[in-house]
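Novice: Here is what each chain is made of, one letter per residue.
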Amino acid sequence: MPLIDQTKFVEDALNDYHRLPEEGDSLYVRRFAPIDISIEGYGSAGPDGKDEKVRRFYDELHARTGLKFDATVWEDGWTACHNPALSLAKFGDEGYGRALSGKLFRSGEDKYVALLHGTARQALMIDVKDGMAVDLKVLFAVVGGSLPVQVFINLGKDAKLNLFEWHASNCTRPCFSGTVREVKLGEGATCEISVLHNENSNTTVLEHTKGTAGEGASSTINFVYTGGSAVRARNSLEASGRGSRVRVGELAVSSKRQKFDLNTYVVNAAGGSEVRLSSAAVAMQESVCYLKGFARITNGSRDARSFVEERGLLVDGTAKINSIPSMAIGENAVKATHSSAMGPIDQDSMFYLMSRGVSPEAAKRLMVLGFFSGPISGIRSSLVKEVVSSVISGKIRSNGEFGELPVLNAENVIWESGRETGMEHHYKYRTEK
Amino acid sequence: MRLEIKDLYASIDGKAIINGANLAMNEGEVHVIMGPNGSGKTTLAKAVFGYPGVKVTRGDVLVDGKSILGLTTDKRAALGLFLGFQHPVEIEGVGFVNFLRASKEAVSQSQANMKELMKDIKSWSDELKMDESIIGRALNKGLSGGEKKKAEILQMVLQRPKIAMLDEPDSGLDIDAVKVVAENINKAAEQTGMGVLVITHYNRILSHMHPQRVHIMADGRMVADGGKELIDKLEKEGYESFNRR
Chain A
1 MPLIDQTKFV EDALNDYHRL PEEGDSLYVR RFAPIDISIE GYGSAGPDGK DEKVRRFYDE
61 LHARTGLKFD ATVWEDGWTA CHNPALSLAK FGDEGYGRAL SGKLFRSGED KYVALLHGTA
121 RQALMIDVKD GMAVDLKVLF AVVGGSLPVQ VFINLGKDAK LNLFEWHASN CTRPCFSGTV
181 REVKLGEGAT CEISVLHNEN SNTTVLEHTK GTAGEGASST INFVYTGGSA VRARNSLEAS
241 GRGSRVRVGE LAVSSKRQKF DLNTYVVNAA GGSEVRLSSA AVAMQESVCY LKGFARITNG
301 SRDARSFVEE RGLLVDGTAK INSIPSMAIG ENAVKATHSS AMGPIDQDSM FYLMSRGVSP
361 EAAKRLMVLG FFSGPISGIR SSLVKEVVSS VISGKIRSNG EFGELPVLNA ENVIWESGRE
421 TGMEHHYKYR TEK
Chain G
1001 MRLEIKDLYA SIDGKAIING ANLAMNEGEV HVIMGPNGSG KTTLAKAVFG YPGVKVTRGD
1061 VLVDGKSILG LTTDKRAALG LFLGFQHPVE IEGVGFVNFL RASKEAVSQS QANMKELMKD
1121 IKSWSDELKM DESIIGRALN KGLSGGEKKK AEILQMVLQR PKIAMLDEPD SGLDIDAVKV
1181 VAENINKAAE QTGMGVLVIT HYNRILSHMH PQRVHIMADG RMVADGGKEL IDKLEKEGYE
1241 SFNRR
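Taken in order, these protein sequences are the chains called A and G.
Its first residue numbered 1, the first sequence is counted upward by one per residue in our numbering.
Its first residue numbered 1001, the second sequence is counted upward by one per residue in our numbering.
These aren't lab readings, by the way, just hints derived from the structure by calculation.
These figures come from a predicted structure and were not determined experimentally.
Any given hint could be a false lead.
To be verified - Some chain G residues flagged as far from chain A (calculated, every beta-carbon gap over 12 Å): (1) GLU1004; (2) SER1011; (3) LYS1046; (4) VAL1056; (5) THR1073; (6) PHE1085; (7) LEU1100; (8) LYS1104; (9) LEU1139; (10) SER1144; (11) ALA1177; (12) VAL1223; (13) GLU1235; (14) GLU1237; (15) TYR1239; (16) GLU1240.
Said to hold, decoys possible - Quick list of simulated restraints, FRET-style, between CB atoms: (17) G/LYS1075 / A/ARG64: 30 to 38 Å; (18) G/VAL1223 / A/ASP348: 47 to 55 Å; (19) A/SER398 / G/LYS1233: 57 to 65 Å; (20) A/ASP51 / G/LYS1122: 49 to 57 Å; (21) A/ARG257 / G/ALA1224: 52 to 60 Å; (22) A/GLY66 / G/SER1207: 37 to 45 Å; (23) G/ALA1224 / A/LYS320: 50 to 58 Å; (24) G/ALA1016 / A/SER398: 39 to 47 Å.
Claimed, not checked - Only some residues are given here: those of chain G computed to face chain A with a beta carbon under 10 Å: (25) PRO1088; (26) ASN1098; (27) ASN1203.
Just so you know, even glycine gets a beta-carbon here, dropped at the ideal spot from N, CA and C.
Based on the sequences and whatever the hints tell you, model everything.
Specialist: Rendered as structure tokens:
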């Protein structure tokens, strides 16, 4: 007896993508980083040895970080997991999604979503029943060839979910790591979903999340982009129920000619709802990062609150960050702000740090971690804070290399909410190992 | 360590600020540079530390007889030089302890013992009568002018330099705080044997210190050098009497 009606689940999600609103936005159309992805290699990664590759990859990740995952998903399957909230739908070789995607291709809408749906052979289902609380860590490992996967997350009334997704790749030839994620929160449900993309330079990252929050529900989604030769993210989150809250955090560190095109669409669709989108990007080494945060307050959403904040830090003179925050407000009695602040690393701050003997490289690392301290402190999960700060620190430490598995907490930092100690939004060192 | 500033000329955006400054001091000595606003005191300190906006056009800065002008700022600090800033920079998100650890490790070239470091921070914070909450803050963020100056002294004592240049360590401090800061500079100097070069407008802080040499600076160069008697002369006659020379 399946836990959920998988067929209906997938079909509903596919149909919903016909209504992606941002595709019609003129800014979205004009301002984007063109990404040309190749799917030639898809599905021909070699018949044998992928299970072994995944196992080795998992072992290496575990050895370096000490992390254990509840599930590992790769191109041809997943590890056994006994958590009743998790299940995996297989589409078969021809692809259940592939057949359904024909209409998406014909529609002329988002071809990348269609690509993902069309090539996905499996979907991860996370179904948290009413009143249940679930804590999950899932590794998405790209080891042999492209990994397109669908993730459907459904939270019942007053359910709670803490989900950490680590998307990693050690693929040795061009491939893509693609996720279509559907998040539905029932009345009063709460979730924190943190998605870390740390793929290697052979991998193009495609990230598509669509979410809704029911009455009184609270959703926090953190996207952390550090890896992949190119990242194309199209996320659409809606506070659909009265008094619901949606918080989206985006952290991006681009280097070595990486191209990040991050588009997030947040919507207040009910009275008293709150939406907060905070994007922070650090760019260096001829990389390009687009931050496009679109907020919309629908007519009738009285007392809605919407905040869009985009910040950028340029580590050198060769990188670019394009920040395009935008708002469309269809209701009078609301509170809404948007802001954008971009700039280079402050030379006086560099001089100050270096006057204390700190090398230019270490000074930049300190300032980058400092730049992200607010968003990282905003992540509730201590584990995710440590992983994210370690990955970012590792990337700066290794002069912009990405896709490497980090040594967890190499900086020996404890991140904490600090509300009890007066250290809110800051971090401190471990005094003991 | 011996620090020598030899016939130094420096400019900012093409405008000459330092015009042939000379000074020599050894570890263990206390020197003072006094001068009116715009005389080039701060620019001189920045030139010694290699501030990117200050261009040295002539002359040299030597440590133990070797020029340091080719070194980056961090390498100059690693030799044992310390600069206490007139206006310490606030850096969002960089934790104070995080920063102290990084600087201590950079200068000592070894991994910091966090227990020892935290103990030292606590002990010196008490001596400086600093609010302990500074430890949990971002670097200099939200500190009053006086707290920032105390934080500079705290950094100095933890870093244990051989020669510390302190640019107006007394500005922004009330009378009691000036005394606390001066006493802690003296204490650190006694404990570590470091040399101290105090840059100031006023003799207020000097009433709590015992400088061996006093240098009066005007128009980018030293116009008088001597002992403590120069401070008394300044007090009576003002900077004008030195400008007329």
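Novice: Each hint should be assessed against the structure and marked as holding or not.
Specialist: We went through each hint and held it up to the structure:
Listed as outside the interface, G/GLU1004 is consistent with that label: its C-beta sits roughly 19 Å from the nearest C-beta of chain A, beyond the 12 Å cut-off. Separation of G/SER1011 from chain A is adequate, the least Cβ-Cβ distance of about 17 Å exceeding the 12 Å criterion. Distance check on G/LYS1046: its Cβ comes as close as 8 Å (rounded) to a Cβ of chain A, failing to clear the 12 Å threshold; non-interface status is violated. Even its closest Cβ contact with chain A, about 15 Å, leaves G/VAL1056 beyond 12 Å, as expected for a residue assigned away from the interface.
For G/THR1073, the shortest C-beta to C-beta distance to chain A comes to about 4 Å, within the 12 Å cut-off, and the non-interface label is violated. Not every CB of chain A lies more than 12 Å from the CB of G/PHE1085, the least distance being 7 Å, so the non-interface label is violated. At roughly 9 Å, the least C-beta separation between G/LEU1100 and chain A is not larger than 12 Å, which violates its mark as non-interface. The Cβ of G/LYS1104 sits about 8 Å from the closest Cβ of chain A, inside the 12 Å cut-off, so the non-interface label is violated.
Not every Cβ of chain A is farther than 12 Å from the Cβ of G/LEU1139; the closest lies at roughly 8 Å, contradicting the non-interface assignment. The claim that G/SER1144 lies off the interface holds: its Cβ sits roughly 17 Å from the closest Cβ of chain A, which is beyond the 12 Å cut-off. The non-interface label for G/ALA1177 is consistent with chain A: the shortest C-beta to C-beta separation is roughly 22 Å, beyond 12 Å. Consistency note on G/VAL1223: stated as away from chain A, and its beta-carbon is indeed over 12 Å from all of that chain's, at 27 Å minimum.
With 12 Å as the threshold on Cβ separation, the claim that G/GLU1235 sits away from chain A holds: the shortest Cβ distance comes to roughly 32 Å. The Cβ of G/GLU1237 sits about 35 Å from the closest Cβ of chain A, beyond the 12 Å cut-off, so the non-interface label holds. With a closest Cβ-Cβ approach of about 28 Å to chain A, G/TYR1239 is found to remain outside the 12 Å limit, as its non-interface label requires. No beta-carbon of chain A comes within 12 Å of the beta-carbon of G/GLU1240; the shortest separation is about 33 Å.
Against the hinted window of 30 to 38 Å, the Cβ-Cβ separation of G/LYS1075 and A/ARG64 comes to about 33 Å, which satisfies the hint. For the hinted restraint 47 to 55 Å between G/VAL1223 and A/ASP348, the CB-CB distance of approximately 30 Å leaves it violated. As the Cβ distance of A/SER398 to G/LYS1233 is approximately 58 Å, the hint placing it in 57 to 65 Å holds. At about 54 Å, the CB distance of A/ASP51 to G/LYS1122 agrees with the hint of 49 to 57 Å.
Between A/ARG257 and G/ALA1224 the beta carbons are some 58 Å apart, a value that agrees with the proposed interval 52 to 60 Å. Distance hint check for A/GLY66 and G/SER1207: the Cβ-Cβ separation is about 58 Å, which falls outside the suggested range of 37 to 45 Å. In this structure the supplied range 50 to 58 Å holds for G/ALA1224 paired with A/LYS320, their Cβ-Cβ distance being about 53 Å. Distance hint for G/ALA1016 and A/SER398: a CB-CB separation of about 43 Å, consistent with the stated range 39 to 47 Å.
With a least beta-carbon distance of about 7 Å to chain A, the hint placing G/PRO1088 at the interface is held under the 10 Å criterion. At a threshold of 10 Å, the smallest CB-CB gap from G/ASN1098 to chain A is about 7 Å, leaving the interface hint in force. Hint on G/ASN1203 is violated. Least Cβ distance to chain A is approximately 27 Å, over the 10 Å limit.
In this structure, the earlier hints numbered 3, 5, 6, 7, 8, 9, 18, 22, 27 are contradicted, and the remaining ones agree with it.
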